[in-house]
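A.B. asks: Sequence:
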Amino acid sequence: MLKTYDWSGKISVNLKSYATSFVTFRDGAKRDIKGLGKLTNNGLPNLDNVLLVKGLTANLISISQLCDQGMKVNFTKSECLVTSDKGELLMKDVRSKDNCYLWVPQEENHLSTCLISKEDEVKLWHQKLGHLHLRGMKKAIAEEAIRGLPKLEIEEGNICGECQIGKQTKMSHPKLQHLTTSRVLELLHMDLMGPMQVESLGGKRYAFVMVDDFSREKDTAIVRIRSDHGKEFENAKFFDFCASE
1 MLKTYDWSGK
11 ISVNLKSYAT
21 SFVTFRDGAK
31 RDIKGLGKLT
41 NNGLPNLDNV
51 LLVKGLTANL
61 ISISQLCDQG
71 MKVNFTKSEC
81 LVTSDKGELL
91 MKDVRSKDNC
101 YLWVPQEENH
111 LSTCLISKED
121 EVKLWHQKLG
131 HLHLRGMKKA
141 IAEEAIRGLP
151 KLEIEEGNIC
161 GECQIGKQTK
171 MSHPKLQHLT
181 TSRVLELLHM
191 DLMGPMQVES
201 LGGKRYAFVM
211 VDDFSREKDT
221 AIVRIRSDHG
231 KEFENAKFFD
241 FCASE
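If you read the sequence shown in the working numbering, its first letter stands for residue 1, the second for the next number, and so on.
Everything labelled a hint here was simulated from the structure, so no lab data went into it.
For each residue, glycine too, the CB sits at the ideal point set by N, CA and C.
Hints are not guaranteed to be accurate.
Listed next, with one range per pair, are the computed distances between beta-carbon atoms [unchecked claim]: (1) Val94 / Gly70: 19 to 27 Å; (2) Gly70 / Ser96: 24 to 32 Å; (3) Glu88 / Phe22: 30 to 38 Å; (4) Lys167 / Gln197: 27 to 35 Å; (5) Gly70 / Arg135: 31 to 39 Å.
Build the full structure now, drawing on both the sequences and the hints.
C.D. replies: Quick look at the structure:
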């Protein structure tokens, strides 16, 4: 809910009678409607279809009617900002203790002329255009190649985090010019792949791959289950091999 300071005497344009003679509040109380008009005030946007209600102690603004007039309303924990479709700040309301947002009038020259910074607007259009590079955006603006694209002031040097991630490349691992091993079975590279989506005819879903570093000999074994901490090697045959070495 938004409420403002005293508006008496401010409804001055086309004040006319209203078909409904009263408004009903949540507690069932009714107040007479004296007329319907347009609110004009310095520092406040013109509000249409404002009801002049007798005995109303607070001036209330309908959020839905602000949106119907093309304004955008953004609530945060501490304030409410009403902006135009171009990002111009029209009203700023501060949250009060009764959980209402109270609008405090400001001088027109004290209002911010633009709520959305140019940098944020450039970033937004950069994303809308599929992360088009800035030179391409400048060219599109200069040639008016895209309908609806505003004349943005684009500065070189702005970095898009998503573009950086998308353009990352994987560095290659150069091959060693010499072997680090001197004999077969001195160093083995092993990996266990799986589980595979389709089982083998024997019901196995894992593949065990082993590569000898010296000879580059490869061997693959299909296994049924995958155990923890390398239990694939906990067997008598492997222990005998280690003892012989």
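A.B. asks: Take the hints in turn and mark each one as holding or not.
C.D. replies: Evaluation of the provided hints:
1. Val94 / Gly70: 19 to 27 Å: 24 Å, holds
2. Gly70 / Ser96: 24 to 32 Å: 27 Å, holds
3. Glu88 / Phe22: 30 to 38 Å: For Glu88 and Phe22 the Cβ distance comes to about 36 Å; the hint holds.
4. Lys167 / Gln197: 27 to 35 Å: For Gln197 against Lys167, whose Cβ atoms are near 33 Å apart, the range 27 to 35 Å holds.
5. Gly70 / Arg135: 31 to 39 Å: 34 Å, holds
Of the hints listed earlier, there is not a single one the structure fails to meet.
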